[in-house]
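Engineer: What follows is the residue order along each chain.
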Amino acid sequence: MIPPVEATETITLSPARDGRLVPYLVIAFGALAAGVVLGEGVLAAIGVPFALALALGLRRLGQVEVNARMILDSDQVLEGDVVTGKILVWWDGDFDAHVMLDRLKGVVTGSGEGASRRVLGCSSVELPVRMDAVQWGRHSLGELWLRLTLPFGLLTWTGRIMAGPAIRVLPGSERLNKLLSPPQSRAVWGLHRSSRLGDGHEFAELRPYVPGDRLRDLNWAATARHGRAFVNRHHPEVSGEVVIAIDALDDGSAAAGAVLARTARVAWGLASLHMRANDRVGLVGLGGSTQWLPPAGGRLAQYRLMETLLRIGGEAADRVMSSRQNVAVPRAALVIVLTTLHDAAVLRVLTKWRARGRSIAVVMIDVMDQLGPVESEADRLARRLWAFELAGRRSALRKIGIPVVQAPLDGAMTPVIGALQRARRASTLRRAR
Amino acid sequence: MSRTRVLFGWGSVVLVILVVGIALTASPTGVRWWLAVVGVVGVLMAVPAAFSDPRELTPALVLSLAPVAVLLFGDATSWLVPPLASLLLVAAELNAMGWAGQGTRVDAVPRRLAQAGMLGVLGLAGAAVVLALGQRSWLSGTVAVLVAAAAVSGVGALVLSRTRRG
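These protein sequence lines are chains A and C, in that order. Note that this note's numbering has the first sequence beginning at 7, numbered continuously upward. Note that this note's numbering has the second sequence beginning at -14, numbered continuously upward.
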């Protein structure tokens, strides 16, 4: 069972003046001053209502200490699940309060539920948290803001109380199951065949037996056929470096989340395959940060991989973050880029990497199905034009030696593996173990 | 912009129009046109004060009070000053309610309206008392006004120095 996550904060809020304070002061003081200047005491009567409002509105002037606690039932949910918990805020004195959870990332408030609450004349407020996790990634659960006022008050106490704890939104369960067991996991094995001969599983050639050869390498069929001993020779398997670059440049469209999820699905499958082949796998978020994963297998490496993916997803949801494209890719690494090819900035990065001699393969994520049915002739023409544009971009990449393959919608990995093999034939550099 | 927000905003503008209209009707004919110009400008400034950011309420209130102040100098019209000044106060409160977004919660609206009404009644009573006292020849109005002015300015300086603009 996952324990609840808790964050607490104590801050002091200073008063801010309401828009009525200055005009009330001007009128109250001005009426009194006019009475003095003109020698007419009755003029003070005009300012009396405003002076009374001032007296009532300024009965509390000091700072207010506010305590807040945010408790989430879990900091790890699946995409589409509900994030639940509660927020407790308390302060000294009785105020009318408006508490609000703002700047939500990766989650939205559920139907019929609000992320804010108003209470009257209280010293505390409890706000239930119930939000839908809509985008995978690691997100900070927004900011908690509070506004305190007094009845008749001319001052307000407003401020950010605390930042919400980080939550991890994992890709949906069906998607996750697919990712954890790619159907063609062994297909990647051939990618790492070395041109050298040595120990390994991949058959290379037959040659006559010479003293010193291992008996287990004897090829009994060839030996029986030729009447003298033959042994099998093998290609050694080597480990390599693979960099999976994810195009996380969010275009702000409604389909961006679905596209990113599809990209993550392919990235997870590829990374898992290469890690099983004992490769060093790196992840690059074009639009986010870079992190290398150590060459390791098992659950720990997979968790690290998932953490990195979540971080990239979380940063994609944060559109404030500037894109970072000056990523140092090792010369010996095979770079697999998962992109929609929608952003020209990605093309520039690929061209730059290729110019520096990197071996690159592009897996294009198709998003045309996210557009919905064609609604008009102009819509149809626009899609055709866009398809031409994408074809031009694919062609431009192929001309500089970057194979481009389209990822199928059903998640099958075979075409992706094919693209990797083409990239391998192009110019992948490998180091022998 | 919510419906209650619009209602509060236009409610404050209507009250300002009402105050200026009554004050102009009861004002001396010799200065009525000049006061009308000032009052209309005050009304026009009340509209952006209700709906446009940044909210500048001071010019609207001060200009709308000018026709009211003139009523003090007529024996038959001075009694109108306390209710009209209180109505302007209520208008300012409605303006603030609209800006504060309190109207988005429906059950808070009657409470806020009751508070504004209570403030208006208090202001009316206070202004009536001061007006009655000020019209008595045995009271040294100038001394009282000087002391009150010093007190109000002291409180104002203290408050403004300890708060920031919200």
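No lab work stands behind these hints, which were simulated from the structure alone. Honestly, I wouldn't trust all of these hints.
Just a few of them, taken from the derived set where beta-carbon distance is under 10 Å, the chain A residues facing chain C [what the hints assert, rightly or not]:
hint, residue
1, Asp24
2, Gly25
3, Tyr30
4, Val48
5, Leu58
6, His104
7, Leu126
8, Ala338
Taking CB as the label site, the calculated pair distances span [said to hold, decoys possible]:
hint, chain 1, residue 1, chain 2, residue 2, range
9, C, Met103, A, Asp98, 20 to 28 Å
10, A, Arg390, C, Ser37, 55 to 63 Å
11, C, Arg(-12), A, Arg66, 25 to 33 Å
12, C, Leu118, A, Asp98, 34 to 42 Å
13, A, Glu381, C, Gln100, 50 to 58 Å
14, A, Ser129, C, Gly15, 55 to 63 Å
15, A, Arg390, C, Ser(-13), 41 to 49 Å
16, A, Gln376, C, Arg(-12), 30 to 38 Å
17, A, Ile17, C, Glu41, 29 to 37 Å
18, C, Trp18, A, Ala22, 40 to 48 Å
From the three backbone atoms N, C-alpha and C, an ideal C-beta is built for every residue, glycine too.
Engineer: Now, for every hint given, state plainly whether the structure supports it.
Structural biologist: Verification of the hints:
Nearest Cβ of chain C to the Cβ of A:Asp24: about 6 Å, under the 10 Å cut. The hint holds. The criterion of a C-beta within 10 Å of any C-beta in chain C is met by A:Gly25, whose closest approach is roughly 5 Å, and the hint holds. The interface hint given for A:Tyr30 holds, since its Cβ lies 7 Å from the closest Cβ of chain C, which is under the 10 Å cut-off. For A:Val48, the interface hint holds, the least distance from its beta-carbon to any beta-carbon of chain C being 4 Å, beneath 10 Å.
About 5 Å separates the beta-carbon of A:Leu58 from the nearest beta-carbon of chain C, less than 10 Å, and the hint is met. The criterion of a C-beta within 10 Å of any C-beta in chain C is met by A:His104, whose closest approach is roughly 8 Å, and the hint holds. Taking 10 Å as the C-beta cut-off, the interface hint given for A:Leu126 holds, the closest approach to chain C being about 7 Å. Given hint, A:Ala338 at the interface with chain C, is violated; its Cβ is 58 Å from that chain's nearest Cβ, farther than 10 Å.
In this structure the supplied range 20 to 28 Å holds for C:Met103 paired with A:Asp98, their Cβ-Cβ distance being about 26 Å. Restraint check, A:Arg390 to C:Ser37: a C-beta distance of roughly 46 Å breaks the suggested window 55 to 63 Å. Range check, C:Arg(-12) to A:Arg66: about 32 Å between beta-carbon atoms, so the 25 to 33 Å window is met. Between C:Leu118 and A:Asp98 the Cβ separation comes to about 40 Å, which falls inside the hinted range of 34 to 42 Å.
At about 52 Å, the CB distance of A:Glu381 to C:Gln100 agrees with the hint of 50 to 58 Å. For A:Ser129 paired with C:Gly15, a C-beta distance near 58 Å keeps the hint of 55 to 63 Å intact. At roughly 44 Å, the beta-carbon separation of A:Arg390 and C:Ser(-13) lies within the given 41 to 49 Å, and the hint holds. The hint said 30 to 38 Å for the Cβ distance between A:Gln376 and C:Arg(-12), and at roughly 36 Å that hint holds.
Taking 29 to 37 Å as the suggested C-beta distance range, the pair A:Ile17 and C:Glu41 conforms, at roughly 31 Å. Distance hint check: the CB atoms of C:Trp18 and A:Ala22 are about 41 Å apart, consistent with the given range 40 to 48 Å.
Going down the numbered hints, you'll see the structure goes against 8 and 10, while the others check out.
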